[in-house]
Amino acid sequence: MTLPMTPQPGALAGEHELVQLLSPDGTRRHDPRFPDDDVEREEVEGWYRDLVLTRRIDTEAFALQRHGELGLWPPALGQEAAQVGSGRALRPQDFAFPTYRDHGVAYCRGVDPANLLGLFRGTELGSWDPQDHRYGLPQIIIGAQTLHATGYAMGLLLDGAVGHDDPERDAAAIAYLGDGATSQGDVAEAFVWAASYQAPVVFFCQNNQYAISVPLERQTRVPIAQRASGFGFEGVRVDGNDVLACYAVTRTALQKARDGGGPTLIEAVTYRMGAHTTSDDPARYRTADETEQWTAKDPIARVRTFLESEGSTPEFFGAVEAEADALGARLREACARLPEPDLADLFSFVHTDLPPELAAQRDDVVAWQALDERGAA
Amino acid sequence: MPEFALPDVGEGLTEAEIVTWRVAEGDEVQVNDVLVDIETAKSVVELPSPFAGRVGALLANEGDTVAVGTPILRIDAADVADPADPAPPADEDASEAPKNGVLVGYGPRSEILGSGRRRRRVTRAPRSSEPDVPAPVSVAALAKPPVRKFAKDHGVDVREVTPSDPSGIVSRADVEAHLALRHTNGGSEPAERMTQEKESGRERRVPIAGVRKRTAEAMVQSAFTAPHVTEWVTVDVSATMDLVDRLRGDREFADVKVTPTLIVAKAVCLALRRTPDLHARWNDEAQEIVFPEHVGLGIATATDRGLLVPVVESADTMSLSELGRAIGELVSTGREGKLQPAQMTGGTFTITNVGVFGVDAGTPILNPGQSGILAVGAINRRPWVDEATDAIVPRWVTTLACSFDHRVVDGEQGSRFLADVAALLSDPVRALTF
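Same order as they appear, the protein sequences are chains A and B. Heads up, the first sequence is in UniProt numbering, so the first residue is 1 and it goes up one at a time. Heads up, the second sequence is in UniProt numbering, so the first residue is 1 and it goes up one at a time.
Treat the hints with care, since some could be wrong.
As the list claims (entries may be wrong) - To give a feel for the contact side, a few chain A residues facing chain B, derived at Cβ under 7 Å: (1) Ala63; (2) Arg66; (3) His67; (4) Gly68; (5) Asp281; (6) Gln361; (7) Asp364; (8) Trp368; (9) Leu371.
Stated by the list, open to error - Ranges between beta-carbon positions, derived for each pair: (10) A:Val350 with B:Asp76: 23 to 31 Å; (11) B:Pro146 with A:Arg330: 36 to 44 Å; (12) A:Thr305 with B:Glu11: 35 to 43 Å; (13) B:Ala57 with A:Val350: 44 to 52 Å; (14) A:Glu340 with B:Ser164: 22 to 30 Å; (15) A:Ile141 with B:Pro227: 51 to 59 Å; (16) B:Val19 with A:Arg91: 46 to 54 Å.
The set of hints was computed from the structure by calculation and includes no laboratory data. Please read these numbers as outputs of a predicted model, since none were measured by experiment. Here a beta-carbon is modelled for each residue, glycine too, at the ideal position from N, C-alpha and C.
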């Protein structure tokens, strides 16, 4: 039997409503299921800034790879609204378990973008403390973080950190994943555990249409959000290029989780405008026409249109642009100044009580470094 | 005047082709302005400028294939210095690479990143005569992981090994020297020594395969299955040597290679008639001892391929000349390397002529499935006591050694068999009595 190797017409058979609160032409609407009446222009201006700065972090890092300063970079271009909208919906006590592409979420959580550069320059050994910003280390293993998030959320249940109707106390976890990850066994396991324990976790899937070069049609025959019903929890499909909708939907799902209502799967329908990574050439597996269609749905342009109609000033936009330029320059400088990692740190953050064998190895490393210092003296 | 070295834009690329320059000499560029399109093994990629300034020189032509790390463009104008390029300290080694290097896979990475310590370590050649290098006495166990493993495999604590390099890092050679010292000092472990030689490349490595492998398997199976007993007897075979001489002149044996081994083979066949236990087979599965109808006589033969044991089927039914022809054929076929597997099966007893190697005897190991094997030693002129005159006379003398499977054969049968063979060789006329 021959497998059909081209996408099948009507592959996504199911119907699943797409929640959109800000259309590509900048028109805002409201949805009573995902209330956002409290969101005013100032807050949207803040998100606009977040979107622009996220894009600058991303494009600057991409350029740094082309300068030869980074080994690799996975661009988030086009996915900024999904990342910023969901990232801004998190409260400080929530915990995010990201992938390697969620630079906008890292930014929202307060992670210094230079740390992200370090990961891809090979100078950061993953030794930052995830508790500092309640933001996990970017996960390279596809889908593995969904299990981590679910386990963390089950821990929140055991800690009694759920269901007190106290917005400062109740907490949730959010797992970021992509469309390709939904085919992973880890993700299915995470869904099972999260559902059966009603764990306070939100699965935020950025469906950017491609798993490297594999199109969505190879991952699913139904909208990804529809998967959730089979596991027994709610799935919501949202315009991933709409920062307002991503914010409102994620905020609602997180609050449900904090209230003890269990997990939610959010499918943020977006598009990876760039390559999978700097090593990838997307022109080999998708058409320019397709990319062009998504350009019209740009997540930043619609917010700017909306804000201009709401009275945001040219000075505001100019200031954001200037801030982005300054951020770019700062990142270039910070990248060049990233310190060499201390190898001894390898032993510092894994074990609470270092086993004797590892302690001996650490001592050897330290001794070697000391010898090295003497040799250079 | 910073230079832009061709980066690796695709994780492990080694080169790229310059497709199109987007700038010309003299152009002003800003950071991240596109400078050039390059084509890699993976895709066409735009390279943005890491620098702002005026393009001083294009260092590669369109169509050139350039190795990663090669400077492709120089920027004049120092007004925007690369922030990655702090002024070098005065004591830096002037010969060090330029500082505007790139990260991936090549280039002066450590210069960008920072520490003089690393840079020194990487760039300074070892100077073992340098007196001010601290002796590596107190720092324990500096060795690379493969060296550590090597040491561990040989039961050496790397901390005991004296490093020869002033860096204090124990090398494989240091561990080898330590082992050699231990060897010399009497704490020798020959097995370790051999491994060491193998490891250090002084020993030839031969894959275990073919005849060697099968021989090894057969010998292990036999030695660890059949309880071997070996007996030997020294015998005056002068009469056999006379017989060999006479038969060599006999017309019937004109096309037969008459050797003492032929007479031994005949004697074995005769002796087996009287003591068939020596070629009975232990069948463990069926729990029975199988006595074959005829003698399948194996003749151990050294060949280029290794030890082979072609078998003369029904050797006991053959006349001496027939037996001689059969043996001669098999042996020459074996030495030509043309023995077929069928010619090496069906043996019930084996003769091995270790005498051709100049030795007196041995303790042969049974062919698996057989219960007896006879080793014939060298036939030499030796002093012999003539029983009739009590005088010492020079005679042709050899030693026979017979191993047998004690599950099948007891000392009584084994001894009788060996004594019979010896008697026949000592006095071939006795064959008439068998």
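Hints broken by the structure, by number, lowest first?
-> Hint check: 6 and 10 fail, others pass.
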